[in-house]
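Enquirer: Read left to right, the sequence shown gives residues 1 to 112 (full-length UniProt numbering).
Please keep in mind that the hints were generated in silico from the structure rather than gathered at the bench. Keep in mind that the hints are not guaranteed to be accurate.
[Said to hold, decoys possible] Think about it this way: if two alpha-carbon atoms lie no more than 20 Å apart in a straight line, the pair counts; the simulated EDC-like pairs of lysine to aspartate or glutamate are: (1) Lys6 - Glu16; (2) Lys6 - Asp21; (3) Lys6 - Glu41.
[To be verified] Taking CB as the label site, the calculated pair distances span: (4) Gln59 - Lys6: 30 to 40 Å; (5) Gln34 - Ala77: 36 to 46 Å; (6) Glu41 - Val75: 36 to 46 Å; (7) Leu86 - Gln27: 55 to 65 Å; (8) Glu68 - Asp92: 18 to 28 Å; (9) Glu73 - Cys22: 40 to 50 Å; (10) Ala80 - Cys22: 50 to 60 Å; (11) Thr31 - Thr85: 39 to 49 Å.
Quantities reported herein were computed from a predicted structural model and do not represent experimental measurements. From the three backbone atoms N, C-alpha and C, an ideal C-beta is built for every residue, glycine too.
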Amino acid sequence: MQMQRKNLCPLAGFVECRQLDCALFTQLRGTHPQTGADIDEWGCSLAWLPVLLIENAQQVRQGAAATESLRNEMVRAAEASQAITLAALGADNAAGATAHSRTIALQEVPHA
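Using the sequences and the hints, build the whole thing.
Expert: The structure is reproduced here in structure tokens:
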């Protein structure tokens, strides 16, 4: 059963809506966030608030998911870069340690 809504304005003491004479009576175009149906209707902006709040919540969730996805990609890239850097430093340290041990060995030779 479809409920019939009375067209009464809460801002004007619940008298009949003035529709196009009211600044809050606006046209809404787009897609309904719950049904996916196309919307191209005129109505009170106060009556549209629940639909717009649902759409806003969906957009915020999508933005948060995109931000989290980007963060995860950046973490993976940083870990890969860190692994490459540590591998390069490890190779340099191994070569440096060998040169350092040679220097120490030369210094320990007694002079005659």
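Enquirer: Could one say that the CB atoms of Ala80 and Cys22 fall in the range 50 to 60 Å?
Expert: 59 Å, holds
Enquirer: How does the Cβ-Cβ distance of Thr31 and Thr85 compare with 39 to 49 Å: does it lie in that range?
Expert: 48 Å, holds
Enquirer: Taking the CB of Glu41 and the CB of Val75, does the distance hold inside 36 to 46 Å?
Expert: Given a distance of about 45 Å, which is inside 36 to 46 Å, the answer is holds.
Enquirer: For Gln34 and Ala77, compare the CB-CB distance with the range 36 to 46 Å and indicate the outcome.
Expert: Roughly 38 Å apart at Cβ, these two residues keep to the hinted range, so it holds.
Enquirer: Measure nothing beyond the straight line between the CA atoms of Lys6 and Glu41; if it is 20 Å or shorter, mark the hint as holding.
Expert: Since the Cα atoms of Lys6 and Glu41 sit roughly 17 Å apart, the hinted pair holds (cutoff 20 Å).
Enquirer: If you check the beta carbons of Glu68 and Asp92, does the distance land in 18 to 28 Å?
Expert: Hint violated: Cβ distance 36 Å, outside 18 to 28 Å.
Enquirer: Given the hint of 30 to 40 Å, check if Gln59 and Lys6 actually sit that far apart at their C-beta atoms.
Expert: Roughly 31 Å apart at Cβ, these two residues keep to the hinted range, so it holds.
Enquirer: Sort out whether Asp21 lies within 20 Å of Lys6, counting only the CA atoms.
Expert: Given pair Lys6, Asp21 holds - Cα atoms ~18 Å apart, limit 20 Å.
Enquirer: Measuring from beta carbon to beta carbon, are Leu86 and Gln27 in 55 to 65 Å?
Expert: 60 Å, holds
Enquirer: A range of 40 to 50 Å was offered for this pair. Does it hold for the Cβ distance of Glu73 and Cys22?
Expert: At roughly 48 Å between Cβ atoms, Cys22 and Glu73 fall inside 40 to 50 Å, so the hint holds.
Enquirer: Within 20 Å, alpha carbon to alpha carbon, are Lys6 and Glu16?
Expert: 8 Å, holds
Checked against the numbered hints listed earlier, the structure breaks hint 8 alone; every other hint is satisfied.
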